[in-house]
Amino acid sequence: MATVTGPRNAILVWVAMIAAMPAGAQPSPRIQPQELGLIYAERRFRAEFIAALGGYERIVAPRPGQRIPVDADTLGPWIMQQAYNYIPEAEEPWDGQVDGWEVIAPDQAVRHRRWFTSAGWSYLGANYFTALDTTQTSEIRAHLQSQFGSPSLTVIELGARSLGQAMQFEYWIVANDSIRVKVMDPTGPLDRGIILAANSRYRDLLFNLRQSLLGDVIHRTEPAPYTDYYYSPDSERWYQTGFDGRSYFTKRIRAPRLSEGRPEIPSN
3 MATVTGPRNA
13 ILVWVAMIAA
23 MPAGAQPSPR
33 IQPQELGLIY
43 AERRFRAEFI
53 AALGGYERIV
63 APRPGQRIPV
73 DADTLGPWIM
83 QQAYNYIPEA
93 EEPWDGQVDG
103 WEVIAPDQAV
113 RHRRWFTSAG
123 WSYLGANYFT
133 ALDTTQTSEI
143 RAHLQSQFGS
153 PSLTVIELGA
163 RSLGQAMQFE
173 YWIVANDSIR
183 VKVMDPTGPL
193 DRGIILAANS
203 RYRDLLFNLR
213 QSLLGDVIHR
223 TEPAPYTDYY
233 YSPDSERWYQ
243 TGFDGRSYFT
253 KRIRAPRLSE
263 GRPEIPSN
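In my numbering, the protein residues as written are 3 to 270.
Some hints here could point you the wrong way.
Said to hold, decoys possible - Have a look at the derived ranges for each label pair, beta carbon to beta carbon:
1. A257 - N210: 38 to 48 Å
2. R239 - E141: 20 to 30 Å
3. P95 - G247: 41 to 51 Å
4. Y130 - S180: 23 to 33 Å
5. R203 - S261: 33 to 43 Å
6. R254 - G166: 32 to 42 Å
7. R259 - Y125: 28 to 38 Å
8. E104 - G161: 21 to 31 Å
9. K253 - G166: 20 to 30 Å
I should point out that these hints are in silico values taken from the structure, not numbers from a laboratory. C-beta: ideal position from N, C-alpha, C; glycine also.
Kindly produce the complete structure, drawing on both the sequences and the hints.
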């Protein structure tokens, strides 16, 4: 009988032996036919490797590397010391204090319009008995002119769509580099107080924000000359209102040409 030799024939013999085994004696899990070649190669390599080592397996430990001390060795202990000794300081919640502000100039309002109109606004009206709540709006406007310059928007920029709102002016202010604030008149120059609005996330701090930004504006500034157009939806009449340096005025006028821009500020 011819001797079966060679890897291919050995695989065939192994397959035949497995097939001849009783069903209960077959290994579990069943070896798939496509895996036989790989399993055979792994077992043959293992047998040859053990034979090369003298018939038994040995574990060869890796050669230890040479330890070279460096200055950075102190970094690890320092980090550990910081990690165990560091106590994070709790950040105090913002209380509405304004540390700095920037007024959006009239010629920049269009560029910032989308950013300002996208805010979810919360409003604070004349709900208290401070100077900002009880002083005539026309006088507050003169002090705002002294503190911030001309408003960001008036009926000139807002046009016909603002005529039914009885508005006179809006200051757009960026407080603390990121907080959008609007300061506006409630219903024209004959009313009292002003309205302050900020993003709704600051609704509980609106009073503190207003007092920090505007609380002393009447006491620390002198009123500056100004003039605005104003339209009263109740009487359907136009007015020019302002401060000429000596007295406040609100006089009836014909409908102005808004395309010609804002009225000139009266000189002292």
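Distance restraint hint 20 to 30 Å, applied to the beta-carbon atoms of K253 and G166: 22 Å, holds
E104 and G161, beta-carbon distance inside 21 to 31 Å? Once the Cβ atoms are compared, 25 Å apart, the range 21 to 31 Å for G161 and E104 holds.
Hint check for E141 and R239 - Cβ pair distance inside 20 to 30 Å: 22 Å, holds
Is the hinted range of 23 to 33 Å satisfied by the C-beta distance from Y130 to S180? At roughly 26 Å between Cβ atoms, S180 and Y130 fall inside 23 to 33 Å, so the hint holds.
Starting from the hint 38 to 48 Å, judge whether the C-beta atoms of A257 and N210 obey it. The hint (38 to 48 Å, Cβ to Cβ) holds, given that A257 and N210 are roughly 41 Å apart.
Go ahead and decide if the range 32 to 42 Å is satisfied by the Cβ distance of R254 to G166. 19 Å, violated
With 41 to 51 Å as the target window, see if P95 and G247 comply at their CB atoms. Given a distance of about 44 Å, which is inside 41 to 51 Å, the answer is holds.
Indicate whether the distance between the beta carbons of R259 and Y125 respects the range 28 to 38 Å. 32 Å, holds
Verify the CB-CB distance for R203 and S261 against the hinted window 33 to 43 Å. 38 Å, holds
Of the numbered hints stated above, the single one contradicted by the structure is hint 6.
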